[in-house]
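Undergrad: Below, each chain spelled out in residue letters.
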Amino acid sequence: MPSLPSDRKNMKFLRTPRNLFFILIFLLICMIILSISLGSVRIPLEQVIRVIFGMPIEKSAYAVIILQYRIPKIITALLAGAALSVAGLQMQTLFQNPLADPFILGVSSGASLGVALIVLSVGTTGTFLLAGIGLLGDISIAAAAFLGSLLVLVFILMISQRARSSTMMLLIGLMVSYITSAVVSLLIYFSLPEKIYTYLSWTFGSFSGVTWSQIWIIVPALLLGFVVAFALSKPLNALLMGEKYAQTVGINIRRTRFWIIVSASLLAGIVTAFCGPIGFIGIAIPHVARAIFHSANHRILLPATFLIGSITAILSDVIAQLPGHQQVLPINVVTAMLGAPVVLWVLIRNQRNMQT
Amino acid sequence: MKNDNILLHAHDLTIGYRDPGGDDILSANINFQLRSGELVCLIGPNGAGKSTLLRTLTGLHRRMAGSIYLSDKELHDYSPHQLAQHISVVLTEPIIIHNMTAYEVVSLGRHPFTNWLGQLTDSDHHIIQSALDAMDAAALAQRQINQLSDGERQKIMVARALAQEPKIMVLDEPTAFLDFPNRVEILSMLRQLATRHRQAILLSTHDLNLALNIADNVLMLDNDGQLFVGAPEDLVLSGQFEKTFVQNDKLQFNPLEGTFSIRFHNGHHFSIQSDHELLRVWTAKAIQRLGYSVSDDPNATPITVDYHENKPRWQIRDYHKTHTFTNVYDLIHYCRYVVRKHLPEA
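Listed in order, the protein sequences are those of chains A and B.
Just so we're on the same page, this note's numbering is the position in the first sequence counted from 1, plus 44.
Just so we're on the same page, this note's numbering is the position in the second sequence counted from 1, plus 13.
Heads up, some of the hints might be wrong.
[What the hints assert, rightly or not] Residues from chain B shown here face chain A by an in silico Cβ test under 7 Å; the list is partial:
#1 73
#2 94
#3 102
#4 104
#5 108
#6 110
#7 112
#8 113
#9 124
#10 125
#11 268
#12 271
Hints were generated in silico from the structure; no laboratory data involved.
Glycine included, each C-beta is placed from N, C-alpha and C at the ideal position.
The following block holds chain A by itself, in its conformation from the complex (with noise of 0.2 Å):
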């Protein structure tokens, strides 16, 4: 038998960033298709790679499943839990605060606000909206959501210019939300209880209901936010400092703050129009990619957060989906629920390397 000090190290040795991001994209494509074979209907393996390479199957509804239903749902799972950790990665670093996460700047909460205008407000529309089966694949909500985070963002990014530190960003973001909540109570507070309901169900969050049409929106925004967010990774790596020894090596703060926050917010702002508010996901995925990767190099964690992320969110659609029942979970609660239990047993785990 090896002494264990030994293995330990050949164990270490294993962990280089290259074989941990072999292994993630692994289960990455383990994932996929794994979701596009589970669902309310069990579609075998052998049919899945079958419709994926256009060959002949047994149900001409499997096809249709798979291709109008499934791969649109697992590509928006894929690229919004990704994106959430991503914003939730830079809001981190940017904040210095391991509590920040993608909707601190008031994101979501415009969002939710423009829903809230447009569902418990408009007198007809309620109806309509409630017709059909995706309530979120009403693209009126998407639209009303994707304004209303416009608008907080615009307001944010004109006080980051005035703005001297980023603590005061911090606060600012904290008011708007505040002041977000308190009129979408008083909607409430005047509203009827289906429309109610309506509003309800799009904040639980889903990855369903996303159309084709949907899809194209969908990822040329958020590679956008990708591409912005990854060459923003040597600033974020100063931004580790804290922001004035940042600026000692050259970093222009205002110009960089200004930089994260609209790749942030056009990340979580995206995945919250056609998703909905999908909370846990975006503060806790960069813990576990740091404790993983033992680094805080954004140049690792920035693709890190983007494959775990990825992971977590289509598994938590797997999941919420109730294989074999007709049943659907909301997204947030299985994110919340299982994922908690996990994040907490990574941080405990890992609280020596936490510790100040």
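Position chain B relative to chain A; hints supplied.
TA: Same frame as chain A, now just chain B:
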């Protein structure tokens, strides 16, 4: 004086804070130069504006008036990126980064020179390694930065500033959190760096004794916002040093030794007789610490100290009785009692 290795030149500089309710000017008419190879200490009482001056000189804070020239060009005409290639900074606040090795922290000093991805070339790695070597910190390279001691972390922060290969290095209270041996070590390393790398090193400190011992030039900012510039010896000889720091009668400055001591005197005199200079000096220190004077006054209470069986022995004569002590602690305890007895009844 043109060709005099001047790296930075402050001309009629005013520092302070702009405020709609009236500007807060900390110091005006600041004039000084930083020359290559010089270690310059910025000293001054708390609140005089030392940090603000350093922040203004490093471009972290806007100057209110006047100009700062960095190699014949005004400081505020430099972009942050250009500035970072000339000046590197070590701030007072300790950095808190999880999951990062000391080596990675030092590598952040290469930022102004790396490509848009921040990739390190072989020459970058070489510079990082020699920065670690210069700070005697190569052994710390693979340790986690947040698991280092204060002294070790400060070495890494200086190494990081060094890896930036600056013409000027500015450090805001680099010894603030350090114990005495670490303080001396860091400062003497900085002293060597200035000489060896021909850099100008400007640091602020509260450690006046060390500043007087190592600085080539001293910038002294007093509470009224006036800046005095000169070699440490010049400031002592002109009496300005004492004037700035001795603001009340509780402190006294000994210009012969360049040290400060606490002054409070309640009138009692002791005389010390000893054949051993070391014993005499340290017994006198104990007496002075209590606020009593040491003199040859005939009315003084006499203390004799000598070696008895290879151990120091103190004897104090009081009212024709001799008391013997084997350590200073017991001696001063008795001295207090003597003084109380001699106090005139009110």
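Undergrad: Determine for every hint whether it applies to the structure shown.
TA: Going down the list of hints, with the structure as the test:
Checking residue 73 of chain B against chain A: minimum C-beta separation of about 6 Å stays under 7 Å; hint holds. The beta carbon of residue 94 of chain B is positioned within 7 Å of a beta carbon in chain A (closest approach about 4 Å), and the interface hint is therefore held. Contact between residue 102 of chain B and chain A, as hinted, is supported at the beta carbon level, the nearest pair being about 4 Å apart and thus within 7 Å. With its C-beta approaching chain A no nearer than about 6 Å, residue 104 of chain B sits inside the 7 Å limit, and its interface hint holds.
Interface restraint check: residue 108 of chain B against chain A, minimum CB-CB distance 5 Å, threshold 7 Å, status holds. Restraint check, residue 110 of chain B versus chain A: the minimum CB separation of about 5 Å is within 7 Å; hint holds. Evaluation of the residue 112 of chain B hint against chain A yields a held restraint, the C-beta minimum of about 5 Å falling below 7 Å. Because the smallest distance between the Cβ of residue 113 of chain B and any Cβ of chain A comes to about 4 Å, under 7 Å, the interface hint for this residue holds.
Nearest Cβ of chain A to the Cβ of residue 124 of chain B: about 4 Å, under the 7 Å cut. The hint holds. The beta carbon of residue 125 of chain B comes within 4 Å of a beta carbon in chain A, closer than 7 Å, and the hint placing it at the interface holds. Restraint check, residue 268 of chain B versus chain A: the minimum CB separation of about 38 Å is more than 7 Å; hint violated. This hint is violated: residue 271 of chain B has a C-beta 33 Å from the nearest C-beta of chain A, more than the 7 Å allowed.
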